[in-house]
Amino acid sequence: MVPLVAFQVLSAALFAIGLYGVMARRSAVLIVMSIELMLNAVNINLIAAASHLDGMGKWANFDGQIIAIFVITVAAAEVGLGMAIILRMYRNRSTVNVDEINLMKW
Amino acid sequence: MNSFDQSALLLTILVPLAGAGLSMFLPRNRPNDAWYFAIFVSAITLLISVALFVRYDFGAGGYQFQRIYEWLDAPLNIDLHLAMDGIAATLVLLNGIVLFGAVLISQTIKHRSRDFFVLLLALGSGVFGVFVVQDLFFLFFFYELAVLPMYLLIGVWGSSTIFDPDRQRLWGIPIPFDLGSYNRPKEYGAMKLMLVLVAGSVLIWIGILAMYVAAAQEGSPTFSMVELGVLAEQGAFSPAFQNWVFPLFMIGFGVLAGLWPFHTWSPDGHVAAPTGVSMLHAGVLMKLGAFGIIRVGMVLLPEGAEAWMPVLIVLGTVNVVYGAISAMSQRDLKYIIGYSSVSHMGYVIMGIATLHPVGLAGAVLQMFSHGIMTALMFAMVGAIYERTHIRDITVLNGLMKRMGYTSFFFAIAGLASLGLPGLSGFVAEFMVFVGVFKTYLPLAVLAVFGAALTAIYILRLLARTFFGEPDPRWEGLNDASPVEKSVGAAFVLILLFVGVWPAPLTRVINVGVDSVMKLF
Amino acid sequence: MVWAWLIPVLSFAAVPLIILFGKRLPAKGSPLAILAILAGFAIFWVVFAGFLSASPDTEGCEIGVGTEALTCNFKITWFEAGIPGADTSNHDRIEVAWGMTIDPLTIAMLGLATFVALMVQIYSLGYMRDHDGNFDPRLDWYYAFHALFIASMLTLVLADNFLLLYVAWELVGLCSYLLIGFWHERPEPREAAKKAFIVTRIGDVGLLVGILLLWSQVGSFSMTETFAAIENGVLSDGVITVSALLLFLGAMGKSAQFPFHVWLPDAMEGPTPVSALIHAATMVAAGVYLVARAFPLFSASDTAMLVVATIGLITALGAATIALVATDLKRILAYSTISHLGLMMLSLGAFGYTAAVFHLLAHGFAKALLFLGAGSVMHSTDELDVRQMGGLRRVMPVTAILFSIGALSLGGIPILAGFWSKDEILVAVNKELPVIFIVLTLVTALFSALYMARAMFVVFYGRFAEQFEHVHDAPKTMSITMGLLAVFAIVFGLLALDLPGPFKGIGYFIFYHEGHGLVVVAWVMGLSTLLAIAAFIFGYLAYARRSINLDGTRGTFARVLEVAENKYYVDEIYQWTVDRVVLSLSRFIAWVDRALVNDVGINGPGDITRVLGDRLKYHVTGYVYTYALAMALGLIGLAIFWWLVSR
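Chains as they are written, first to last, in my numbering: chain A, 20 to 125; chain B, 8 to 527; chain C, 19 to 665.
Be a bit skeptical, because a hint or two may be false.
[Stated by the list, open to error] With a Cα cut of at most 30 Å, we get these calculated BS3-like pairs of lysine-lysine:
{"no.": "1", "chain 1": "A", "residue 1": "Lys124", "chain 2": "C", "residue 2": "Lys635"}
{"no.": "2", "chain 1": "C", "residue 1": "Lys41", "chain 2": "C", "residue 2": "Lys635"}
{"no.": "3", "chain 1": "B", "residue 1": "Lys408", "chain 2": "B", "residue 2": "Lys492"}
{"no.": "4", "chain 1": "B", "residue 1": "Lys492", "chain 2": "C", "residue 2": "Lys41"}
{"no.": "5", "chain 1": "B", "residue 1": "Lys408", "chain 2": "C", "residue 2": "Lys635"}
{"no.": "6", "chain 1": "B", "residue 1": "Lys525", "chain 2": "B", "residue 2": "Lys445"}
{"no.": "7", "chain 1": "B", "residue 1": "Lys445", "chain 2": "C", "residue 2": "Lys93"}
{"no.": "8", "chain 1": "C", "residue 1": "Lys522", "chain 2": "C", "residue 2": "Lys449"}
[Claimed, not checked] Away from chain C, derived, C-beta distances all over 10 Å, residues of chain A:
{"no.": "9", "residue": "Val21"}
{"no.": "10", "residue": "Leu29"}
{"no.": "11", "residue": "Val48"}
{"no.": "12", "residue": "Asn64"}
{"no.": "13", "residue": "Gly83"}
{"no.": "14", "residue": "Ile85"}
{"no.": "15", "residue": "Ala87"}
{"no.": "16", "residue": "Ala96"}
{"no.": "17", "residue": "Leu106"}
{"no.": "18", "residue": "Ser113"}
{"no.": "19", "residue": "Asn121"}
In short, the hints are calculated from the structure, not lab data. Cβ atoms here follow ideal geometry from the backbone N, Cα and C, with glycine treated the same way.
My request is simple: use the sequences and hints to build the entire structure.
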């Protein structure tokens with residue numbers, strides 16, 4: 020059996036890559052993709068922990084799976100909304116470079 | 008209990024609220040429709056409040072027309088618990104009258120009048136709510152409902168004050184800087200009023216949560232004022248607890264009552280507000296503060312009240328004298344009335360702070376009397392401003408000739424304000440004096456002296472504004488419109504009635520005071 | 019007797035009727051007011067007769083505490099406040115009554131007030147017209163105010179408790195304000211009205227505090243109970259003295275005693291009938307009435323009595339000297355009023371209860387007559403400066419005769435009313451007070467005769483002032499009313515004598531503790547008679563015949579005269595205080611309110627918040643990665659925090 024820590028390392032690595040992507044990328048599309056990556060990193064963590072608890076002979080615990088499904092749902096909605104915003108952004112400004120879109124400040 | 012008694016208190020809240028809701032569906036471009044509809048709604052509320060006052064059984068006393076609508080279960084235990092005692096009955100009546108008067112006077116509002124009446128009626132509903140609920144959560148809810156529309160009402164429909172600095176003189180010498188005067192856009196008044204009052208309600212909210220937590224520690228978490236009152240009587244709240252929670256209520260509610268030194272929002276707000284709003288605001292809204300101190304502070308935290316009353320009465324005295332002296336050198340009609348409100352609310356605060364039955368009854372009667380009187384004053388000033396577009400008393404003069412009715416009504420209100428016997432102000436102030444005299448003698452002398460100061464600024468105002476040779480500028484001026492006349496006449500009659508025969512009010516107030524004073 | 023309440027109520031009822039319907043009624047509703055007071059006057063006689071036939075056995079009547087005179091009380095509850103049903107004596111509840119007391123003092127005041135008011139209201143029908151005979155455009159308001167005034171005044175004298183008295187007290191003040199400022203188009207009446215109200219109001223602070231002090235000791239506003247408490251020694255001496263002095267403050271304001279006298283001369287800006295009724299005969303006497311009414315209180319404190327006497331004397335003497343040099347006819351009369359009110363106070367301070375009330379009545383009739391006479395002169399000539407007048411008896415014979423009767427009566431010429439009452443005052447002062455008081459009182463009496471002689475001879479006798487050639491005498495409404503008052507100014511004094519019948523003479527009717535007949539102290543009566551006659555002879559020679567030239571004397575005493583002519587600069591001192599102290603303080607407070615309380619205290623936190631926001635807003639860059647970094651750092655921070663805490 021693969022130990023839990025392996026999943027956690029994978030999850031942490033994916034999350035860090037996603038975080039790097041959000042901070043370093045200029046393209047809004049790539050930022051959204053990076054966010055997806057972070058969300059899925061969390062999902063891996065949740066499912067691994069849930070099944071690990073199950074394998075340890077405790078009572079069957081589906082909390083992790085349930086939350087993961089929630090996350091997937093929310094992520095889908097978020098991507099839909101995010102891509103729509105990015106599309107509108109592109110229509111208006113002809114760019115998806117977030118550095119050029121800094122109107123939402125003081 | 009007939010069906011009216013069962014639902015009357017809920018109706019006082021729901022009728023104006025429903026009226027506000029329904030007004031939104033009126034056509035936007037017909038300002039008079041909104042006005043007619045608002046008159047209809049406020050007439051119903053007036054009838055309900057009069058019926059409530061008349062049907063209140065002062066022989067039996069206590070809380071009547073009780074009704075509990077369950078809302079949230081444990082652990083929050085929030086119910087819409089409605090009940091009315093003698094003090095609330097008086098103030099409900101006041102609100103019914105002033106709301107009706109304010110709606111009538113607002114005939115002149117043509118710009119977005121539908122929205123105006125929506126907000127005005129919502130405000131009235133909130134005020135009724137505060138007076139009749141017995142649950143701290145809903146009390147706070149209605150309190151905010153009464154306060155928040157003020158911001159829009161002043162910000163959208165208010166008027167700005169622009170003052171000519173050249174006319175600012177001391178001993179005949181022009182003074183270049185702003186000396187007790189004003190150059191205030193209406194947004195300033197609205198914003199200040201809102202921020203100060205919200206800051207006050209933050210304190211109230213902290214106090215309410217503290218009460219809830221303290222009750223929870225006693226094993227019965229509740230927002231119900233009745234249950235909290237029972238807990239208080241059992242000594243559930245330690246003196247130390249009461250001593251830090253009471254000032255939260257005292258200052259939090261005191262802000263709305265114009266307690267010195269948190270009063271400055273009041274003149275600025277009054278001046279900026281449109282006439283009808285000024286009437287409601289000075290007439291009823293400021294009373295919410297004083298009512299809150301009695302209903303929440305004194306009833307739930309009697310020991311804290313006892314400990315803090317010396318502070319409160321000193322502040323009240325400062326209110327009286329300081330407000331009167333400030334009013335003496337104002338030049339803007341509305342500022343004079345604004346400061347006079349500060350001064351008169353001082354009597355209310357003093358009366359409450361005496362913890363003396365007569366003083367407390369005087370405070371409640373003063374709330375009623377001042378509500379009517381100041382609403383009348385604002386109504387008449389509104390009528391004057393509407394026609395002359397001037398509020399500076401050094402520029403206005405001789406209005407008596409052209410605006411006889413307006414001047415007459417204003418003069419009566421002014422005389423009531425300076426405590427002339429035969430008008431309601433005297434009876435109320437006298438009862439406050441009696442209470443203060445028995446408890447804090449030196450302050451009573453100051454308070455009586457403050458009443459004499461009132462005479463100075465009121466007579467100065469009357470002499471400057473109304474008496475004298477009429478200015479040729481007022482040649483084409485119309486006197487009060489029929490609506491203004493009827494509001495003025497009705498309010499004058501109330502002032503006279505209460506002044507000559509206060510017993511119908513005092514006997515109801517007395518039983519309310521009785522139940523409060525049992526705690527001390 | 020129970021129907022006495024109708025006397026004020028009828029006039030009260032006339033007020034709204036005149037205001038509402040006056041414009042449409044004949045003579046602008048003035049007959050309503052006159053009818054009301056006429057009915058009041060008639061009821062007064064019924065009440066008087068009832069009172070004379072009443073005995074302590076009559077329902078509601080008893081022997082009054084302190085005065086020992088028959089006193090009848092009737093009352094109904096007005097309102098209550100405080101804990102319902104609680105005992106009033108522990109101060110948890112107050113009970114205020116509409117109540118009336120009828121005792122000899124009340125009867126006397128009722129008679130004076132109803133009669134003079136009736137005369138003045140009829141007189142006003144003639145006076146309140148312009149030269150073409152048209153009524154004043156605001157005649158309805160004039161009569162409404164008059165009716166309100168007399169109703170309040172009658173309530174004042176009927177009141178059986180201090181609170182009701184205070185209520186009426188303020189209302190008469192209001193009517194005085196309204197009537198002084200009746201012609202408010204001119205600035206002087208406007209300012210005078212304001213001054214009158216505010217000055218008396220400051221005195222009223224004392225009155226109200228005094229009433230409250232008595233209440234806090236006695237637990238009731240009722241006069242009877244208060245006096246009973248004093249009699250039973252419930253009140254300490256200190257309380258008695260302090261409350262008496264506080265009540266006296268109110269009396270000083272209303273009765274224009276030094277240093278509150280400044281409003282009365284200015285009040286002459288009002289219509290002259292108003293001056294006659296309110297500022298000579300009735301309202302200004304309310305202060306004297308108050309001290310007389312609360313005599314059980316005052317007489318229980320020697321200090322208070324001495325203060326009353328001293329203030330009275332200072333006022334009497336000071337005002338008399340000003341009256342000697344004043345040049346405005348109405349102001350001469352006003353200062354004379356102040357002086358005589360001072361004499362009444364002095365008399366009360368000297369335990370001369372009967373004398374004071376007697377003088378109040380005699381002075382009321384005579385002074386009302388004098389004012390109405392002055393009004394007649396003013397109405398015809400539009401002139402009030404005595405230096406412009408002279409020999410008016412040629413064109414206004416009736417007015418001249420009637421005015422002279424008033425002047426002689428007030429000047430103390432024997433067998434006229436003023437002589438008897440002034441004599442009684444002198445006797446009382448002589449009996450009770452140190453010798454300096456009687457000396458100065460005699461000086462005052464001399465001055466009082468002198469200025470009356472001056473006014474009378476300068477205006478009506480001597481060289482005729484040609485510009486008044488075409489002036490007419492007073493119309494009938496005016497002359498008849500003056501004539502009736504003149505009858506009283508002549509014969510009223512005879513009441514001082516011991517009379518047959520139930521009345522027996524004023525000393526047996528109005529008294530304190532025990533009644534007494536006419537007391538004659540030969541040297542006092544002789545000296546005062548001598549002084550009065552001498553004064554009038556001197557006045558005739560100096561002002562009518564002009565055989566005595568006063569210019570030299572005037573030159574010698576120029577400095578003294580200047581001080582007196584400037585009214586001892588009291589007005590200037592007040593004006594300075596108001597302008598420089600009160601208004602400056604007010605400006606300063608208003609500035610503090612704006613600059614400190616508002617701009618620093620209230621706006622300060624708001625400004626700080628705004629400045630902070632201005633500085634801090636720059637962290638909002640608008641770049642996604644800034645926010646993401648902040649989030650990540652926050653997350654790491656939270657993780658470390660959690661790790662530290664959970665360790």
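Against the structure, the hints:
no. : hint                  : result
1   : Lys124(A) - Lys635(C) : 8 Å, holds
2   : Lys41(C) - Lys635(C)  : 70 Å, violated
3   : Lys408(B) - Lys492(B) : 16 Å, holds
4   : Lys492(B) - Lys41(C)  : 18 Å, holds
5   : Lys408(B) - Lys635(C) : 58 Å, violated
6   : Lys525(B) - Lys445(B) : 18 Å, holds
7   : Lys445(B) - Lys93(C)  : 26 Å, holds
8   : Lys522(C) - Lys449(C) : 24 Å, holds
9   : Val21                 : 25 Å, holds
10  : Leu29                 : 18 Å, holds
11  : Val48                 : 12 Å, holds
12  : Asn64                 : 14 Å, holds
13  : Gly83                 : 20 Å, holds
14  : Ile85                 : 23 Å, holds
15  : Ala87                 : 20 Å, holds
16  : Ala96                 : 20 Å, holds
17  : Leu106                : 17 Å, holds
18  : Ser113                : 18 Å, holds
19  : Asn121                : 3 Å, violated
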